[in-house]
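2 protein chains.
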Amino acid sequence: MGKICVLRIGHRRNRDQRVTTHVFLAARAFGASEGVLSGDRDEPVLAGIGKVADVWGGGFLVCYAADWRRFLIERKSAGWKVAHLTMYGEDFEAGAKKLGNKNVVVVVGAGKVPGDAYALADYNLAVTNQPHSEISALALFLDRLFDGRGFPHRVDGKLRILPNKCGKVVVRGQNR
Amino acid sequence: MGKICVLRIGHRRNRDQRVTTHVFLAARAFGASEGVLSGDRDEPVLAGIGKVADVWGGGFLVCYAADWRRFLIERKSAGWKVAHLTMYGEDFEAGAKKLGNKNVVVVVGAGKVPGDAYALADYNLAVTNQPHSEISALALFLDRLFDGRGFPHRVDGKLRILPNKCGKVVVRGQNR
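Same order as they appear, the protein sequences are chains A and B.
If you read the first sequence in this note's numbering, its first letter stands for residue 1, the second for the next number, and so on.
If you read the second sequence in this note's numbering, its first letter stands for residue 1, the second for the next number, and so on.
Here chain A stands alone, though its shape is the one from the complex (with noise of 0.2 Å):
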């Protein structure tokens, strides 16, 4: 499996926080490494994502970009691919496959997109042509990139969770 990035753009910081905050918390968990922000300067999200990989494990990046048209061409000038995800695109199954094993930047963006993302990305996939959140299109899309093969299992944060029939078991450290 290629690594992967995820890419916010246009992110507004009074209307899309919350919203931010859960597209990079769910990149991390269906393993993506690395959460890069752009448009408004957010310091509050990137430092919130950052406790949450540190206290739960993993090791997930976050960066802003203050261009993210720069940042595309950059990494397409390193071999990754561009997926970006919009309810116009075409199928987001038969996209991951295509992506098979490559390293993959997956573009979210809050708010109304430019047009020249749908240009820089390699691939325009919808989850389902049919609205609903990024934050489910995110999901649905890293599980399938991952082919099944399930999400990170981290065991080296300062927390963690026991699974369990009808309450919160959560203990410290990693080998206790």
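Bear in mind the hints are in silico, worked out from the structure with no lab data behind them.
Small disclaimer: the values here were computed from a predicted structure and weren't measured.
Among the hints, a few may not be true.
27 Å max Cα-Cα, derived DSS-like pairs, lysine-lysine [claimed, not checked]:
hint : chain 1 : residue 1 : chain 2 : residue 2
1    : B       : Lys-81    : A       : Lys-165
2    : A       : Lys-168   : B       : Lys-97
3    : B       : Lys-168   : A       : Lys-98
4    : B       : Lys-81    : B       : Lys-3
Please build the complex by placing chain B on the supplied structure of chain A, with the hints as guidance.
Structure of chain B alone, referenced to chain A:
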């Protein structure tokens, strides 16, 4: 396949409007037939979802239930199963298999979920035991409930998208 109802509990009008809307949109897009809101009564959220269902097709119903405990007890006495999505629960894929083709209420909490939600649920299920989003958790759980047979293909909306490599193609009506 049985019927799927998504019950959002603990909704807070000021804080959760957007995330709750995404929860219901994902519910509809991924095959639930019904969305039930509890917590703060929030007509704009219900009206917004109703409008999406009208424009994009499918028979998705939304309503408000002041007392979610009573709602769950009534559904259980009518033979429905209750699956509560929580990061503290057991593996969601095994849970989805056990639910087979039964009618299922999927409980999705906002904020801290009261303990009796765990007790009223037949299954408390986690999508990874890692923090992410109730929206991504719901999307993956519904996907597994439908067992990879794909999502409803709606052709009865006023608008419909034709999948496109690099742009937006929206058509009106169902047979044009």
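### Hints violated by the structure (listed by number, smallest first)
none
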